[in-house]
Amino acid sequence: MESLLWIIPVLPFIGFLINGIFGNKVPRSLSGIIASVAVLGGFIVSLLLFISLLGDENLSFTSKYFTWFHVGDLKLDMAFMVDRLTSVMLLVITGVGFLIHVYSIGYMHDDKDYSRFFAYLNLFVFFMLLLVMGSNYVLMFVGWEGVGLCSYLLIGFWFTNNNFNDAAKKAFIMNRIGDLGFLLGMFLIYQTFGSLNFDEVHSNAMTYAYGQPVLTTITLLLFVGAMGKSAQIPLFTWLPDAMAGPTPVSALIHAATMVTAGIYMIVRANVLFTLSVFTPEFIAVIGLLTALLAAFIGLKQNDIKKVLAYSTVSQLGFMFVALGVGAYTTALFHVVTHAFFKGLLFLCAGSVIHAMGGEQDIRKMGGLSAKLPVTHLTFLIGTLAIAGLPPFAGFFSKDEILVKVFASSPWMYGALALASVLTAIYMFRLYFVTFKGQFRGSHHQEEHLHESPPSMTFPLIVLAILSALGGFIGIPEIFHAPNLISEYLAPVTHFSSSYSARAVSHETEIILLVSTLLFLLVAIWFVYNKYVKRQAIPEPDEDIAGFGKTLAGKFYVDEIYTYLIEKPLNAISGLGYKFIETGLIKGVVDGTAQVVGALGLGIRTIQTGKTGTYLFAMVIALIAFMVIKFMI
Amino acid sequence: MSNYLFYILSFLSIFSALMVVLSRKPVHSVLYLIFCFFTIAGHYILLNAQFLAAVHIIVYAGAIMVLFLFVIMLLNLNAETEPHKPLIIKGASVVTGGMLLVVLIATFKSAAMSVSSPEFNSDLGMVESLGKVLYDQYMLPFEVSALLFLSAMVGATMIGKKEI
Amino acid sequence: MNTLIAIAGIGIVAMIADILRIRKIIFPVAMAGLAIAAFTAVSDWNTNTRYFNDMMFFDNYAAAFSLLIVVIAIIWFVMAVPDLKTGNHYSDKSALVAFSLAGSVVMVSFSNLAMLFLGIEILSVSLYVLAASNKNNLLSNEAGFKYFIMGAFATGIFLFGVALIYGACGTFNLQEINAFVATNKSDLSGQMYTGVLLMIIGLSFKIAAAPFHFWAPDVYEGSPTTITAFMSTIVKVAAFGALYRLMAGCFSQINEWWTTVFIILSVVSMLVGNIMATRQSSFKRLLAFSSISHAGYMLLPLLTLSDLTGTSLLLYGAAYAFASIGIFSLVSVMSENDDESIDSLNGFAKSHPIKAILFSVLLLSLAGIPPLAGFMGKYYAFYAALKSGNTSIVLIAIISSLIGVYYYLQVIIAMYKPTGHTSASFRFTIYQNIVLWTCFLITLILGIFPQLIIGWL
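Protein chains in written order, with my numbering: chain A, 1 to 632; chain B, 1 to 164; chain C, 1 to 457.
Some hints here could point you the wrong way.
Distance windows between CB atoms, simulated [claimed, not checked]: (1) Leu441(C) / Gln137(B): 40 to 48 Å; (2) Leu441(C) / His70(A): 30 to 38 Å; (3) Leu47(B) / Asn53(C): 17 to 25 Å.
No lab work stands behind these hints, which were simulated from the structure alone. Using N, Cα and C, we set each Cβ at its ideal position, and we do this for glycine too.
Work the whole structure out from these sequences, hints included.
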């Protein structure tokens with residue numbers, strides 16, 4: 001099996017090369033197919049790997065290609081490693097990725113940069129695969145940066161629009177702030193354990209006692225990296241802005257795969273996280289706050305993609321809470337189901353936008369269920385899944401998180417349950433406003449309403465089936481059925497599970513389950529009343545007042561950041577510009593003319609030079625150095 | 001005796017060097033510079049480097065400075081065309097220069113100048129011994145400095161050539 | 001040594017080519033000569049020969065740096081040849097370039113302070129003239145003049161340092177100075193330390209490290225673009241080679257003493273370079289400031305001398321130089337339009353989609369995004385600094401490289417913006433295409449296989 005590993009990332013890379021180099025010379029019909037087939041190939045190999053990993057629980061495939069670099073005692077191999085954790089991620093990336101590629105063939109059909117789009121998409125898949133398959137932290141970091149870059153390229157795909165470029169830049173820079181943390185964490189890991197290979201670091205870490213300060217520092221730094229990539233407070237604002245990209249991109253990168261990289265990383269390093277004090281609690285709190293904040297903001301957004309974006313942020317918060325309480329497999333379970341239903345919802349949104357001719361404001365939609373039957377049905381399934389109603393996928397994973405959270409802290413459970421109720425509210429609001437009631441768009445749009453082509457509806461149907469049934473891979477214990485995914489992933493978190501074995505009794509679990517369900521139903525009923533019975537339409541922006549305004553304004557986080565970070569930074573560089581460039585240099589002296597004249601070289605025409613001052617500054621620097629070195 | 005000579009020569013060379021910078025007329029500056037070179041040649045002689053002293057006078061004072069004089073005279077530079085330097089610059093330069101001086105003195109004050117006094121040999125500075133060192137031990141730098149001069153020459157021709 | 005002879009040979013042929021009316025052979029001769037130089041540099045590997053009473057010492061670092069310089073020079077020459085050919089001074093300019101290359105080879109292989117001084121001077125004198133080589137352009141004249149004045153000043157400081165060291169130890173030879181320092185480590189005089197400081201400052205002028213960087217933006221902006229490319233790549237690599245050789249060869253014993261100097265230089269360079277670069281509207285000026293910041297990163301491995309120092313300098317130098325030359329091939333095309341502002345790049349991606357990607361990759365490499373060469377360079381530089389325990393410096397470096405990403409991205413975004421009111425057309429010659437692709441491939445390959453460089457030393 002080892003010999004097959006390289007095929008998985010190389011196929012998308014070949015696709016990237018073909019589409020990237022030949023560009024528009026590749027026939028339009030072909031470039032989408034090439035890209036999709038490349039990912040499908042990866043999926044098939046991943047499936048083979050998955051099956052062969054089913055047997056032995058300690059089995060993992062490692063394949064070393066060459067020594068990447070070797071300095072002093074640091075030796076890094078270019079090597080892939082696939083264990084059970086990786087294989088799950090591989091299936092999600094290539095499986096959902098393939099569907100989104102197929103969808104894109106239809107969605108991007110009229111775009112003139114068709115092949116460039118697929119080239120980027122394939123490149124993204126390549127880096128994502130690198131991220132999950134790398135056998136050491138550096139390789140993971142390469143993938144980590146690579147997906148960030150691709151996300152930047154794809155957000156700014158329609159580069160003709162300046163706002164989109166700004167969104168792209170924001171995403172990139174926020175990600176870089178996170179990367180700073182990751183990088184420092186990596187350095188510290190190396191300093192502590194003398195290696196960056198997963199195997200060596202983690203087996204070495206197991207010998208450490210619980211609560212070493214260095215572990216806390218490492219894990220906090222790594223978590224900063226995860227904050228950036230997985231859009232957690234305070235680095236979450238880029239994700240909603242990232243919706244500027246084409247919708248399949250939002251589905252693939254900003255819902256199903258890239259943003260879950262942070263979760264993958266923490267699960268991968270679960271040994272370190274389990275052994276550190278403070279970090280897990282910190283993660284849980286941040287995750288909880290993010291889940292709540294984003295859910296609140298989601299209540300008042302009217303852009304179909306923005307709602308989904310905030311719901312993604314919120315769901316990622318759920319996953320981090322799970323990680324924080326040590327429920328690593330549960331978090332990953334939610335990653336999988338989330339990939340299904342959030343991918344589905346985004347693709348549906350894309351289909352709606354496609355039908356509406358680019359309109360994204362839900363206040364101008366309504367009553368689309370008749371015209372877009374497939375989209376409507378699949379969207380409903382997605383909504384039910386994300387809201388967490390049985391037997392859809394979200395129910396199982398979210399319930400598992402809630403139960404695990406309750407075991408460690410009841411008040412946290414309460415807050416998270418509130419977030420999950422809010423999720424149901426804004427999702428059903430979105431669903432009702434978009435698909436029920438009267439059509440509120442222009443006449444022109446109404447005439448052109450149409451169901452999307454099969455290449456777009458096919459992925460919708462497949463994902464809808466997965467969203468509906470996907471949850472059964474992780475049935476709660478109370479139903480006395482095997483929890484497949486948690487068993488499959490058990491070896492990965494073997495070490496950690498021995499540490500945090502807190503469980504709730506079956507009775508409590510049932511109570512929790514039923515009470516959440518009740519709350520959900522009440523909430524949905526309430527939303528149904530408001531938007532379907534009373535046909536309420538979200539008010540226009542200028543009429544929003546009070547707390548609603550704060551919500552619609554996204555808690556003004558962006559403005560706060562501008563005020564706290566951007567302004568001072570600009571001021572500093574402006575100050576430097578003023579003082580050093582113009583003030584100090586120009587102000588003290590206004591030209592070299594003196595020097596020039598004195599030397600009489602006939603280049604007297606240069607009046608603007610400032611050489612005298614430059615020399616002046618150099619002498620002062622020289623004096624400063626001598627004073628520092630000899631007198632202090 | 002040579003002690004007194006050293007102090008006189010040092011005073012003169014510092015004085016003339018200062019005057020190069022301070023005098024208003026470019027021609028005076030050049031003349032002071034020539035004088036400065038002479039005093040330095042005097043130092044060379046004190047250091048028993050007669051050949052170097054002679055070469056120094058011939059090349060610098062004789063050839064280069066005369067060329068400078070010509071150029072300055074041809075360009076007709078004089079005090080009136082000299083742009084006026086604001087007082088603040090003069091003040092700043094004096095302060096900075098003074099600071100540099102103070103700092104250097106402070107660093108050298110503690111420095112016990114390592115005096116290595118080899119046996120006195122009056123032939124040391126003559127052409128013969130210099131030539132032996134130059135063409136034996138310092139053969140390569142001597143050759144490489146040819147490259148330096150060559151590049152300076154090519155550069156000068158290029159800058160000086162009239163554009164057609 | 002043979003490398004030096006081969007390169008000097010190119011210079012002499014180029015110099016007389018105009019007189020003999022064989023200007024056409026300059027380019028082939030230069031290529032052949034550089035190829036021979038590269039070959040001889042390789043053949044000097046592991047020979048460790050000392051030449052002419054230990055004036056030059058061709059150890060592996062000297063060979064590696066020489067080879068790097070020669071390879072950069074080959075690519076540079078291909079890029080610059082159309083520009084060199086315009087005007088009447090093809091042969092003069094080529095000769096000067098060859099001479100300054102000879103100077104840089106001397107700088108990385110000296111074993112005697114007199115040789116170092118000569119190397120620096122040969123390099124600089126040629127460059128003063130080259131900076132002013134666009135004689136009809138006022139800015140170019142100004143650049144040459146400024147560079148000359150300030151360079152002379154720096155040389156003076158450097159020479160003062162050399163003289164003080166000679167006064168203290170009575171020798172110019174690196175080994176002997178090192179032995180002197182080692183035996184008298186406890187009671188070195190202030191004279192010696194002053195000499196070291198002044199030499200460091202003289203060299204930091206050449207590498208354009210803040211606060212001795214003031215000349216760089218003006219000179220980079222004013223000089224003809226190809227010459228700017230030369231200055232920011234070959235000169236920088238050579239000066240760092242010299243700095244490393246000097247510090248490792250002579251003063252490794254008093255490492256703790258001069259580390260603080262390098263820390264200040266490095267931190268100030270990184271901050272000044274990166275912060276000022278964010279404010280520039282001219283691409284060339286932006287690159288000037290970014291080159292100042294790169295000098296700051298390259299000083300990091302020098303903080304503590306170890307096996308890693310030379311290696312990471314070499315890797316960083318290569319990554320930086322190749323990416324820069326590739327980018328300068330774009331700037332040289334922009335210069336032909338007489339518009340070097342970043343905004344003039346608007347619409348570039350539309351007219352040259354593939355080139356836009358290549359340039360983006362090169363810019364990202366400078367910004368230090370994996371898996372490109374620039375990342376590897378930074379990684380090693382930071383790693384070397386971290387190993388010597390300068391964690392806070394590395395933190396500053398990482399933060400300032402974060403600022404760096406911002407302005408490199410600005411350029412990329414400018415390329416991907418639609419055309420504004422001006423629609424500059426970009427005409428790439430075949431030479432520039434070759435350079436661009438070569439630099440791109442090298443950047444990519446070095447990022448994935450940095451072992452190609454670090455595996456050797």
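Here is how each hint holds up against the structure:
Remark: the range hint 40 to 48 Å for leucine 441(C) to glutamine 137(B) is upheld by a beta-carbon distance near 46 Å. Separated by about 23 Å at the C-beta atoms, leucine 441(C) and histidine 70(A) break the suggested range of 30 to 38 Å. At about 24 Å, the beta-carbon gap between leucine 47(B) and asparagine 53(C) stays in the expected band of 17 to 25 Å.
When each numbered hint is compared with the structure, a violation occurs for hint 2 only.
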